[in-house]
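Using the sequences and the accompanying hints, generate a full structural model.
There are 2 protein chains.
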Amino acid sequence: MRVFNFSAGPAALPLEVLEQARAELTDWGGSGMSVMEVSHRGHAFTELAEQSEARLRSLLAIPSTYRVLFLQGGASAQFAAVPLNLTAHGAAADYLNTGTWSGKAIEEARRLGVAVNVAADEAGSRYTTVPAPGALRLNPAAAYVHYTPNETIGGVEFPYVPDTGAVPLVADMSSTLLSRPIEVSRFGLIYAGAQKNIGPSGLCLVIVHEGLLARARPETPSVLDYTRMAAHGSMLNTPPTFAWYIASLVFQWIESHGGLAAMAARNRAKAELLYGAIDGSGFYRNPVERSCRSWMNVPFMLERAELEPLLLREAAAAGLTHLEGHRSVGGLRASLYNAVPLAAVEALVAFLREFERRHG
Amino acid sequence: MRVFNFSAGPAALPLEVLEQARAELTDWGGSGMSVMEVSHRGHAFTELAEQSEARLRSLLAIPSTYRVLFLQGGASAQFAAVPLNLTAHGAAADYLNTGTWSGKAIEEARRLGVAVNVAADEAGSRYTTVPAPGALRLNPAAAYVHYTPNETIGGVEFPYVPDTGAVPLVADMSSTLLSRPIEVSRFGLIYAGAQKNIGPSGLCLVIVHEGLLARARPETPSVLDYTRMAAHGSMLNTPPTFAWYIASLVFQWIESHGGLAAMAARNRAKAELLYGAIDGSGFYRNPVERSCRSWMNVPFMLERAELEPLLLREAAAAGLTHLEGHRSVGGLRASLYNAVPLAAVEALVAFLREFERRHG
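So the protein sequences, as listed, match chains H and R. Per my numbering, residue 9 is the first one in the first sequence, and the count goes up by one each step. Per my numbering, residue 9 is the first one in the second sequence, and the count goes up by one each step.
Think of the hints as simulated: they come from the structure by calculation, not from any bench. A couple of the hints might just be wrong.
Since the list gives no way to pick out one identical chain from another, each pair is judged satisfied if it fits inside one copy or across any two copies.
[Claimed, not checked] Using 25 Å as the maximum straight-line C-alpha spacing, the simulated SDA-like pairs for lysine to any residue come out as follows:
| id | residue 1 | residue 2 |
| --- | --- | --- |
| 1 | K112 | Y168 |
| 2 | K112 | L244 |
| 3 | K112 | E263 |
| 4 | K112 | E316 |
| 5 | K112 | Y283 |
| 6 | K112 | G241 |
| 7 | K112 | P226 |
| 8 | K112 | G50 |
| 9 | K112 | A99 |
| 10 | K112 | M9 |
| 11 | K112 | A140 |
| 12 | K112 | E227 |
Now the structure itself:
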């Protein structure tokens, strides 16, 4: 029995991927070993690593001037790795503040001695908007501009890629990467924790333009040093092999289901269905400005907030899980990553309508 | 068909653990989800996290004055985390150099501005020995003394715990932890990459005395900051949930097989069997001083080195895998972690005798 899982991360994985992993969990490819038990330096795993990078490059059309890294630590480690790799202590960088995760990135950059210029801050809307393209107060001398294309907690998403001129654009794409095609060449650096659209937690993808290498601070921990990791094929130390393996299966699954254009169409349809149901009701509401609502994370609440615990219990009983809002904001949230099928959203919408009928 | 796997890491896992993981890979505990797909903040996973820490504390008899952390990045990340958490920039620390991994720890500490005093260096024996207890040139003002109780590549192991007086002792126990009982109170800090005796790669255990907290450098990345991680139950950010889950199953497996005293007896018997076969032969040899040979990693070579590729091919054909020495030193190596059964070592010894009979 499988449920419909709306977790914001670690999130649902494609059932076909899990079934393949299960089938070969004690004997991977006829090796007589689990993929967890083989050396990362051996032929079988290095082939997996090479093929998975090639497949990711193909899916995202990553130009050859970019390096792809498979690292540990998640996006939070990248909050530190970005300034350590791209700035001298005390240098200036621009950050756009659109909610919880960009706020955490700013906090970590300041901790590491970055002179952070907050080039936009959506506090005025309680983080239910993104800045207009013309409203960014960018510093042309900044080492980079950092932003969060999708705020997983707030459910706010940029409908455009900021134009930062000659200054490299750095994007925390944890909830965005692989959900749709992107134009990699617009970015200097993209990173994404795996536990949304990529694989299990414990893995973080980094896509970095080679022009940004070789400028790390001398005190950068080696495992966070892009240049050293790139020189060693992400194997300066032992990588998280099982998470990398699952990611490789997810890449194949995306490819066999039509690639990122097909993912985008599916994801857009899922989001439109759920937002339509919420907006068509006076019982539920979504607080985010319509032009910048996330396709991936849909926070919503009840006009009668006291009914939320009951809704969560009844949803769980109906096989609809992880609908709690983030503990920092409460309310409800449905995350609609690639592995969440349209049928899950249809079931959720039907449940919400029935709940409203009984309690509205 | 399962093989006998002598990998140095990622290494063999208990078959019972893999079979349980397989049985519940798409439906963990009746949740209708994989353990990879559930929120680390949810009740089910937080219960797993608490129980696994409690079980680890029980197995190792960890005093209540120590904090246990489940981190990412592996031991290599700890090479940086140790100085960042325990020293001011420019402060002095003692390191014992007994081979490749202690050498890497020294290199990283120097990169991070530690005034490293190499309190012992076994270069004179080509790292086939450990220093005598009285030969350590310790600095009583050092922030800590770092050593590597077991060198995974050299196969050298300390038969004693260094006495460092009031200076905290820091140990990279990647290949040692859970292979036998240890006296935690002798150490200020213990860390261990999981991929030997604990679980899959992508997880690192840290056991730190609470007196060593709250002294991190301000520029320590949050994900490497012991104090911040301890305050958040190792969940300052999303932890590597699947690796943690497998580790929890391994802890149960150790407990149900007699705990660490039983592991130690098994491991000693396995090592004695293999060393006995090597020493009893003029065909194979182990270069390490007898008093400090590793129970976990047994490097050996053929007097006729040109036969090594043939041996590796025939061993693989006989279902004995990962017997290559580390790429930096060549030769052969058998790692004998907890999950390698005595039957594997018996099969290896029989194979080596037969190979010698045919080629000796």
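Quiz item: When no copy is named, should K112 and M9 be tagged within, between, both, or neither for a Cα gap of at most 25 Å?
Solution: Answer is neither: 38 Å inside a copy and 48 Å across each miss the 25 Å cutoff.
Practice problem: Could you figure out if K112 and A99 sit no more than 25 Å apart (CA to CA) within one copy, between two copies, both or neither? | Solution: within (19 Å within a copy, 30 Å between copies)
Quiz item: Can you tell me if K112 and A140 fall within 25 Å by alpha carbon in one copy, between copies, both or neither?
Solution: within (22 Å within a copy, 48 Å between copies)
Quiz item: Under a CA distance limit of 25 Å, which applies to K112 and P226: within one copy, between copies, both, or neither?
Solution: both (24 Å within a copy, 16 Å between copies)
Quiz item: Is it within, between, both, or neither for K112 and G50, if the alpha carbons may be no more than 25 Å apart?
Solution: For K112 and G50, the Cα distance is within 25 Å only across copies (22 Å; inside one copy 38 Å).
Exercise. Have a look at K112 and Y283 and pick one of within, between, both or neither, based on CA distance no larger than 25 Å.
Key: Neither way: K112 and Y283 sit 28 Å apart in one copy and 53 Å across, limit 25 Å.
Practice problem: Up to 25 Å between alpha-carbons, please classify K112 paired with E263: within, between, both or neither. | Solution: Neither: 33 Å inside a chain and 40 Å across chains, both beyond 25 Å.
Exercise. Tell me, please, which holds for K112 and E316 at an alpha-carbon limit of 25 Å: within, between, both or neither?
Key: neither (28 Å within a copy, 53 Å between copies)
Quiz item: Are the CA atoms of K112 and G241 at most 25 Å apart within a copy, between copies, both, or neither?
Solution: between (29 Å within a copy, 18 Å between copies)
Exercise. Tell me, please, which holds for K112 and E227 at an alpha-carbon limit of 25 Å: within, between, both or neither?
Key: Both: 22 Å inside a copy, 15 Å across copies.
Practice problem: Go through the copies and call it for K112 and L244: within, between, both or neither, with a Cα cutoff of 25 Å. | Solution: For K112 and L244, the Cα distance is within 25 Å only across copies (11 Å; inside one copy 27 Å).
Practice problem: Tell me, please, which holds for K112 and Y168 at an alpha-carbon limit of 25 Å: within, between, both or neither? | Solution: This pair counts as within: shortest intra-copy Cα distance 22 Å, inter-copy 44 Å.
When held up to the earlier numbered hints, the structure conflicts with 3, 4, 5 and 10 and fits the remainder.
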